[in-house]
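In order, the protein sequence lines correspond to chains A and B. First residue of the first sequence: 1, per the UniProt record's numbering; consecutive thereafter. First residue of the second sequence: 1, per the UniProt record's numbering; consecutive thereafter.
It should be emphasised that the hints constitute simulated quantities derived from the structure, not laboratory data. Treat the hints with care, since some could be wrong.
Here are the simulated SDA-like cross-link-like pairs (lysine to any residue), alpha carbons at most 25 Å apart as the crow flies [claimed, not checked]: (1) B:K374 <-> A:E66; (2) B:K350 <-> A:K57; (3) A:K88 <-> B:Y315; (4) A:K39 <-> B:K374; (5) A:K11 <-> A:F113; (6) A:K57 <-> B:V366; (7) B:K38 <-> B:E156; (8) A:K88 <-> B:V147; (9) B:K142 <-> A:H105; (10) A:K57 <-> B:Y260; (11) A:K39 <-> B:R247; (12) B:K375 <-> B:G322; (13) A:K71 <-> B:K38; (14) B:K375 <-> A:A102; (15) B:K69 <-> B:V366; (16) A:K50 <-> A:H105; (17) A:K86 <-> B:T454.
Listed below are the residues making up each chain.
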Amino acid sequence: MTAKTKTAGKKKRNILQVARVIRSKNSGPFELTLDIMFKERRHFDLFREKKIITARKIARLYRIPESDVLKIIYFEPSQAIKVTIKRKIPSGAPGDTDIYGAQQHVPLFDLEF
Amino acid sequence: MTRKNSGRKLPPFKILSTTAILGYGFPESSFRKGMSLKPDLIAADAGSTDPGPYYLGAGKSFTNRSAVKRDLRLMIKAGVENNIPVVIGTAGGSGARPHVEWCLDIVREIAREENLHFKLGIAYGDVDKETVKKALKEKRIKPLAFVPRLTPEVIEQSENIVAQMGVEPFIKLLGEGCQVVVAGRSYDPAVFAALPISRGYDPGLALHLGKILECAAIAATPGSGSDCALGILEEDSFILEALSPERKFTPQSAAAHTLYEKSDPYELPGPGGVINLRNCSFEDIGRGRVRVRGSQFVPTDRYWVKLEGVRLTGYRSVSVAGVRDPIMISKIDSILKAVEDRARDIMKIKPEDGRIFFHVYGKNGVMGELEPVKKTASHELGIVIETIGRSQEEADALLAVTRSALLHYGYEGRIATAGNLAFPFSPSDLAMGKVFEFSVYHLMQVDDPAFFETRTEEL
Numbered sequence: 001m002t003a004k005t006k007t008a009g010k011k012k013r014n015i016l017q018v019a020r021v022i023r024s025k026n027s028g029p030f031e032l033t034l035d036i037m038f039k040e041r042r043h044f045d046l047f048r049e050k051k052i053i054t055a056r057k058i059a060r061l062y063r064i065p066e067s068d069v070l071k072i073i074y075f076e077p078s079q080a081i082k083v084t085i086k087r088k089i090p091s092g093a094p095g096d097t098d099i100y101g102a103q104q105h106v107p108l109f110d111l112e113f
Numbered sequence: 001m002t003r004k005n006s007g008r009k010l011p012p013f014k015i016l017s018t019t020a021i022l023g024y025g026f027p028e029s030s031f032r033k034g035m036s037l038k039p040d041l042i043a044a045d046a047g048s049t050d051p052g053p054y055y056l057g058a059g060k061s062f063t064n065r066s067a068v069k070r071d072l073r074l075m076i077k078a079g080v081e082n083n084i085p086v087v088i089g090t091a092g093g094s095g096a097r098p099h100v101e102w103c104l105d106i107v108r109e110i111a112r113e114e115n116l117h118f119k120l121g122i123a124y125g126d127v128d129k130e131t132v133k134k135a136l137k138e139k140r141i142k143p144l145a146f147v148p149r150l151t152p153e154v155i156e157q158s159e160n161i162v163a164q165m166g167v168e169p170f171i172k173l174l175g176e177g178c179q180v181v182v183a184g185r186s187y188d189p190a191v192f193a194a195l196p197i198s199r200g201y202d203p204g205l206a207l208h209l210g211k212i213l214e215c216a217a218i219a220a221t222p223g224s225g226s227d228c229a230l231g232i233l234e235e236d237s238f239i240l241e242a243l244s245p246e247r248k249f250t251p252q253s254a255a256a257h258t259l260y261e262k263s264d265p266y267e268l269p270g271p272g273g274v275i276n277l278r279n280c281s282f283e284d285i286g287r288g289r290v291r292v293r294g295s296q297f298v299p300t301d302r303y304w305v306k307l308e309g310v311r312l313t314g315y316r317s318v319s320v321a322g323v324r325d326p327i328m329i330s331k332i333d334s335i336l337k338a339v340e341d342r343a344r345d346i347m348k349i350k351p352e353d354g355r356i357f358f359h360v361y362g363k364n365g366v367m368g369e370l371e372p373v374k375k376t377a378s379h380e381l382g383i384v385i386e387t388i389g390r391s392q393e394e395a396d397a398l399l400a401v402t403r404s405a406l407l408h409y410g411y412e413g414r415i416a417t418a419g420n421l422a423f424p425f426s427p428s429d430l431a432m433g434k435v436f437e438f439s440v441y442h443l444m445q446v447d448d449p450a451f452f453e454t455r456t457e458e459l
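Produce the complete structure using the sequences and hints provided.
Structure below.
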């Protein structure tokens, strides 16, 4: 699906092994918000401590400029990371492909750590 | 808004939220269960910007009239008969004047059919262009993230500009003794929070509860937008309770909901302030109920409301077709490019006057430019040909020419020479009407939070 991340030393794991929910949705017509909820607290902590998700990584996965990544927030009550990015095209404007933004999550499936 | 009660202990205040969006329906059994618990308020949010800019611009509801009437009939009948206020926000889906009138029409119809008599309160969410222009001139407008700057020209081009009202217009109407309140564009939690806030309950708890209840049982597990939920507001906390046996609230489900459709789950900005959830706790108190504590309302220095408006950007036509030929699929990008050039050449139309989009399902129809997979592995493609013109006639004509050019385009290596597309329908082309885009999505500072036009009506 994408270029394999280098696996020098320890074998990399995929986000799908540790996430319970990975989803995307509009946060208003100009933003897309991505949620990753972890099955276990330790993985949420690991991602937070090691800063595994950065604006740069999101920008690379989505092939967007880093300045289009608005914020990355860690939400403890849900063991979740929320990333908000700019919509390429505002919801419903000419050229849009996903009015609700509900099917824009799949590039996150390529996250390895 | 930070009105404090005078030492007297507040009794539990029960709020029955019927459905995530008025018209999405709810089981009568859940509603009856909710009514048996003697709620102090029956409320529902009726709108969203999620279905896109069209509905606000066209003055139409994205919800179905019969479905809205069914939900409203149950709510109003039970509310009026038991003397419980019924509050509806963002009427008609988008909450501009035509949407509110559409909903009022349904309410009057129900009152007639059920022989119900009550005082109806109406709050309009519309903000006239001059008010917005004045605010812009006085530097009382700021854009939200990634939103283009507002100019007087954009304001002039925009239709149905609305502002999300806070609790104040609801408090005013409920204070005037309205049994049923129908409001235009509203901050989602306001319909639930207004009455308890006016009775002295903590605004942070009331608004956070409203934020959860606006989606009814979506925050329960299994979640549903078509089922009721009960919120019980107490002095220092609130309780969430599901109303059908197959559902329950858990600390996880309630907390997770706070993430949904928002860019920051800790700070939820709204009219006049921010709900801060940093010190919030979610506790399982058994029987599928969750107690929430610690939600705080932090007022902002100035009172800001969120404006929404859309502008007409053209007229759309579409045609749906499929491609099965592997030779064509392997060259699809270059074929579509050549077809667009040919159609433009025939119609002599510039890209800004007539736009052509190919939504190629099986390739990048869902993600467009964001699609990381560049080469399709699909054995068939679905293509939605879309044109946007300055009039419906122009869009139709551009579509007809583009469609026929694609149908018969002689790409290199073609061996299927009878036609390139499989059409599932006759007629193949569909005139879709007006196309709108969001043009206003800004904050406006106001002096009076209850500046919205309100009126009452005796039914």
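Evaluated hints:
As the CA atoms of K374 of chain B and E66 of chain A are separated by approximately 21 Å, the hinted pair is consistent with the 25 Å bound. Straight-line distance between C-alpha atoms of K350 of chain B and K57 of chain A comes to about 38 Å, which puts the hinted pair past the 25 Å bound. Among the hinted pairs, K88 of chain A with Y315 of chain B is consistent with the structure: their alpha-carbon atoms are about 21 Å apart, no more than 25 Å. A distance of roughly 32 Å separates the Cα atoms of K39 of chain A and K374 of chain B; the hinted pair therefore is violated under the 25 Å criterion.
Under the criterion of a C-alpha separation no larger than 25 Å, the hint pairing K11 of chain A with F113 of chain A is consistent with the structure, at around 9 Å. Between the alpha carbons of K57 of chain A and V366 of chain B the distance comes to roughly 22 Å, so the proposed pair stays at or under 25 Å and holds. Between K38 of chain B and E156 of chain B the CA atoms are separated by roughly 48 Å; this puts the pair beyond 25 Å, and the hint is violated. For the given pair, K88 of chain A sits about 12 Å from V147 of chain B by alpha-carbon distance, which is consistent with the 25 Å threshold.
About 30 Å separates the Cα atoms of K142 of chain B and H105 of chain A, which puts this hinted pair outside 25 Å; it is violated. Between K57 of chain A and Y260 of chain B, the direct Cα distance comes to roughly 22 Å. Compliance with the 25 Å bound is thereby established for this hinted pair. Proposed proximity of K39 of chain A and R247 of chain B is supported: the alpha carbons are some 21 Å apart, at most 25 Å. The straight-line distance between the Cα atoms of K375 of chain B and G322 of chain B is roughly 18 Å, inside the 25 Å bound, and the hint therefore holds.
Only pairs whose Cα atoms come within 25 Å are accepted, and K71 of chain A paired with K38 of chain B is rejected, the gap being roughly 43 Å. Restraint check: the Cα-Cα separation between K375 of chain B and A102 of chain A comes to about 23 Å, which is no more than 25 Å; the hinted pair holds. Restraint check: the Cα-Cα separation between K69 of chain B and V366 of chain B comes to about 34 Å, which exceeds 25 Å; the hinted pair is violated. About 22 Å separates the Cα atoms of K50 of chain A and H105 of chain A, which keeps this hinted pair within 25 Å; it holds.
As the CA atoms of K86 of chain A and T454 of chain B are separated by approximately 36 Å, the hinted pair breaks the 25 Å bound.
In summary, the structure is inconsistent with hints 2, 4, 7, 9, 13, 15, 17 from the numbered list given earlier, while agreeing with the others.
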